[in-house]
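S.K.: Those protein sequences? They're chains A and B, same order as listed.
First residue of the first sequence? That's 1 in our numbering, and the numbers climb one at a time after it.
First residue of the second sequence? That's 251 in our numbering, and the numbers climb one at a time after it.
Quick caveat, the hints were computed from the structure, so don't treat them as lab data.
Cβ coordinates follow ideal geometry from the N, Cα and C atoms, glycine included.
Among these hints, one or two may not hold up.
[What the hints assert, rightly or not] Below, a sample of chain A positions facing chain B; criterion: calculated Cβ distance under 7 angstroms:
hint, residue
1, Thr44
2, Pro47
3, Ala56
4, Phe82
5, Ile110
6, Trp113
7, Gly122
8, Val123
9, Arg124
10, Gly125
11, Gly128
12, Ile131
13, Leu157
14, Arg161
15, Ile209
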Amino acid sequence: MSADITLADIVVVAAAESFRGDGELFASGMGTVPMLGARLARATFEPDLLVSDGEAFFVGNDLPLGSSDKLIEGWIPFRSVFDTVWSGRRHVMMGASQIDRFGNTNIANIGPWKQPKAQLLGVRGGPGNTISHATSFFIPKQSSKVFVEEVDMVSGLGYDRASKLGEIVKRHHRLPRVITNLAVFDFETPTHTMRLRSVHPGVAVEEVIANTGFTLEIAPDVPTSRAPTEQELAALNRLDPRGLRHREVA
Amino acid sequence: MARDKRTTADDAVALIENGMTLGIGGWGSRRKPMSLVRALLRTDIKDLTVVSYGGPDVGLLCAAGKIRKLIYGFVSLDSIALEPHFRSARQNATLAECIEYDEGMLQWALYAGSLRLPFLPTRAGLGSGVVDVNPALKMVTSPYADAEQLLAVPAIRLDAVFVHLNRSDIHGNAQFLGPDLYFDDMFLGACEPGLRFLSCEKISSTEQMLQESSFHSLRINRSMVDGVIESPNGAHFTLCTPDYERDEKFQSAYVKAAGNAAEWAAFEDRFLRGTEADYQQAVVQWHKENAS
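With the sequences and hints as input, model every part of the structure.
M.R.: Next up, the structure:
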């Protein structure tokens, strides 16, 4: 990895890559890296994406993080977000406190739901997102406590649960990517169990395995996550002039 | 001439009874009817069923032990992801009953309630933990050729509702000036007439409201409202754009105090024992002391 390219840059590019080919979808990012990924994808290779200010507006310009200098191109209050979710015209990248090999995720609570050891957010929009449209995940610190055999509460549907719900659900349910500080994963296997897609520069496959609490699908040759192009790096620095991405992944 | 519905927060909460189902508008730590919640804290009402896209409203009512049953999609302070009192209540199992829904399911439950339908169908929630922990949820089969199995989200009907808007006239025609109405209209719609209370930053007239923003902002009409309370800074410490942003500094102090029983008792003594005017004055004083 060249000296001026950081892990955060690699991770944001991987986040952007998850939106490749989406076209005119609402690319919705929860948190710094996912939001930057969506904006980077639109600023470079996926210009038809819709991105929001994280509040209630679609923005037409390449809005830097933290800037209010937005060119509004549409209004997307929460009820329009729900409409968009259920219509399928969205790809969200959100967080997960736990994820299993089929992509079931949990942002709700740790320990039994009845009396959790740690109450987190609640399921929020996870059930509706995952059953309606593409959902990717960004996990800033991968460990075997996050990549678990079984999640404590299913806030987002994995492939095993979705496949039991019939053809219509199977058509809409899609988990394109899981991105962590170590690697990129997908579910492009015959059984839709999690596969190691690429490791970030300098990360050994063994390190990924050591931080995963279930068996991963691993090809004999795992590629390295790609670095940003010069054009992407320039766009990234425009979109995140204060380097907020480095605070989320280091 | 339509009725003058002006009242006070204390007169409003005096009509709330033990065991009622109360809907609270806003979203997370955004445009919450906090002055009405604070008024409720001053009463001995208990055993409420609370329905909310929860923020500090739920947190404060949990801390005061006023909730028997909570129906929520999440409880969060937005800029601070987790609500400390809600967390304690869940982790210590002090809420007798909880119903956790997907955010969209909660909208559907309120919408069904406001349309007087028994349920509305959706896919959101199917196959998720929501169904695992809510065994009472039922399925419905599409009567058409697709025969799809859908989740039937049961309607929620409310006995009372609190919302906070930017402007209202004395009759309850109200205006939101920020970027999002949230689901305030559905909360009002899902409530039986009688105890639908709307607080606002400023009582205005229709003419003045139309000078401030376009007719599109007039989403609440007087048939949806029984009582109007003028309550400047009434959403504090949640945001009420464009009148004011969230008081992040005070919200952080709230979270810090909630982490410790002695500090929370001191917070309650300082901010929550007196009237709304006392609260607003105590906040001004607190900011003076904590100016940097």
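S.K.: Take the hints in turn and mark each one as holding or not.
M.R.: Taking the hints in turn, this is what the structure says about them:
Annotation: A/Thr44 was flagged as interfacial toward chain B, and the flag is violated, the nearest CB pair being 28 angstroms apart, outside 7 angstroms. Interface restraint check for A/Pro47: the shortest CB-CB distance to chain B comes to about 25 angstroms, outside 7 angstroms, so the restraint is violated. The beta carbon of A/Ala56 comes within 4 angstroms of a beta carbon in chain B, closer than 7 angstroms, and the hint placing it at the interface holds. Interface restraint check: A/Phe82 against chain B, minimum CB-CB distance 5 angstroms, threshold 7 angstroms, status holds.
About 10 angstroms separates the beta-carbon of A/Ile110 from the nearest beta-carbon of chain B, more than 7 angstroms, and the hint is not met. Because the closest C-beta pair between A/Trp113 and chain B is about 5 angstroms apart, less than 7 angstroms, the hint holds. The restraint placing A/Gly122 at the interface with chain B holds, with a minimum CB-CB distance near 4 angstroms, inside the 7 angstroms limit. Restraint check, A/Val123 versus chain B: the minimum CB separation of about 6 angstroms is within 7 angstroms; hint holds.
Below 7 angstroms, beta-carbon pairs count as interface contacts, and A/Arg124 has one with chain B at about 5 angstroms; its hint therefore holds. A least Cβ separation of about 5 angstroms between A/Gly125 and chain B falls short of the 7 angstroms threshold, and the interface hint therefore holds. With a least beta-carbon distance of about 3 angstroms to chain B, the hint placing A/Gly128 at the interface is held under the 7 angstroms criterion. Nearest Cβ of chain B to the Cβ of A/Ile131: about 5 angstroms, under the 7 angstroms cut. The hint holds.
Because the smallest distance between the Cβ of A/Leu157 and any Cβ of chain B comes to about 5 angstroms, under 7 angstroms, the interface hint for this residue holds. Interface hint status for A/Arg161: upheld, as the beta-carbon distance to the closest one in chain B is roughly 4 angstroms, under 7 angstroms. Residue-level restraint check for A/Ile209 is violated (minimum Cβ-Cβ distance to chain B is 28 angstroms; threshold 7 angstroms).
Violated hints, listed in ascending order, are 1, 2, 5 and 15; each of the other numbered hints is respected by the structure.
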